[in-house]
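All chains should be modelled from the sequences, with the hints used to inform the complete structure.
Read in my numbering, the sequence shown has 145 at position 140, and its numbers run on one by one without any break.
Simulated from the structure, these hints should not be mistaken for lab results.
Only a predicted model underlies this, so the values are computations on that prediction, with no experimental measurement involved.
Positions of the beta carbon are idealized from the N, C-alpha and C atoms, including for glycine.
A couple of the hints might just be wrong.
Listed below are the simulated DSBU-like cross-link pairs for lysine-lysine, each with C-alpha atoms no more than 35 Å apart in a straight line [stated by the list, open to error]:
#: 1; residue 1: Lys104; residue 2: Lys53
#: 2; residue 1: Lys22; residue 2: Lys53
#: 3; residue 1: Lys105; residue 2: Lys22
Simulated restraints, written as ranges between beta carbons of each label pair [said to hold, decoys possible]:
#: 4; residue 1: Glu18; residue 2: Arg101; range: 17 to 23 Å
#: 5; residue 1: Gln111; residue 2: Val32; range: 23 to 29 Å
#: 6; residue 1: Asn85; residue 2: Pro8; range: 27 to 33 Å
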Amino acid sequence: MAPIFTSYPGVGETNQKKFWYSQAVRVGVRIECAGQGGWNPETGEFYKEINAQIDQAFDNCELNLRHAGGQGWSQVVRVNSYHVPINNEALDAMVRNFKKWMPNHQPIWTCVGVPRLGEDDMRVEIEVVAVDEDGKPIATQK
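Encoded structure:
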């Protein structure tokens, strides 16, 4: 099955043109999302506070998954998160969001502290993999 690449309007399309990458790829029932930061999805502005960035990154993952034809966090099976810095505040915010967005399952998770992310104001980046047995990517919806 051929991969279908998608990028949501706003930051997704801007980053696709500026940095030459897509926000998500769907191959069959599997959706993989590029790392989502704590940016406003329309303007690209980063929230300053770490909890706000993590909350927004989770919102952006939801937006990205749905734009790729998925049903959101309920289908996520894997999470990779990257943090500057990694500390208890960041971990607590991640767990709070896991419980909010995935109350009925616990995905696998890799959590890594890194010295820097893709943009100066980024404090978190979250990648997800989802399995969507029923959906169709937005590029093929009619």
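Results of checking the hints against the structure:
1. Lys104 to Lys53: With a Cα-Cα distance of about 23 Å, the restraint between lysine 104 and lysine 53 holds, given a limit of 35 Å.
2. Lys22 to Lys53: OK: lysine 22 and lysine 53 at ~25 Å, within 35 Å.
3. Lys105 to Lys22: It holds: about 33 Å lies between the C-alpha atoms, which stays within 35 Å.
4. Glu18 to Arg101: 17 to 23 Å: Taking Cβ atoms as reference, glutamate 18 and arginine 101 lie about 30 Å apart, which means the hint is violated.
5. Gln111 to Val32: 23 to 29 Å: 24 Å, holds
6. Asn85 to Pro8: 27 to 33 Å: 19 Å, violated
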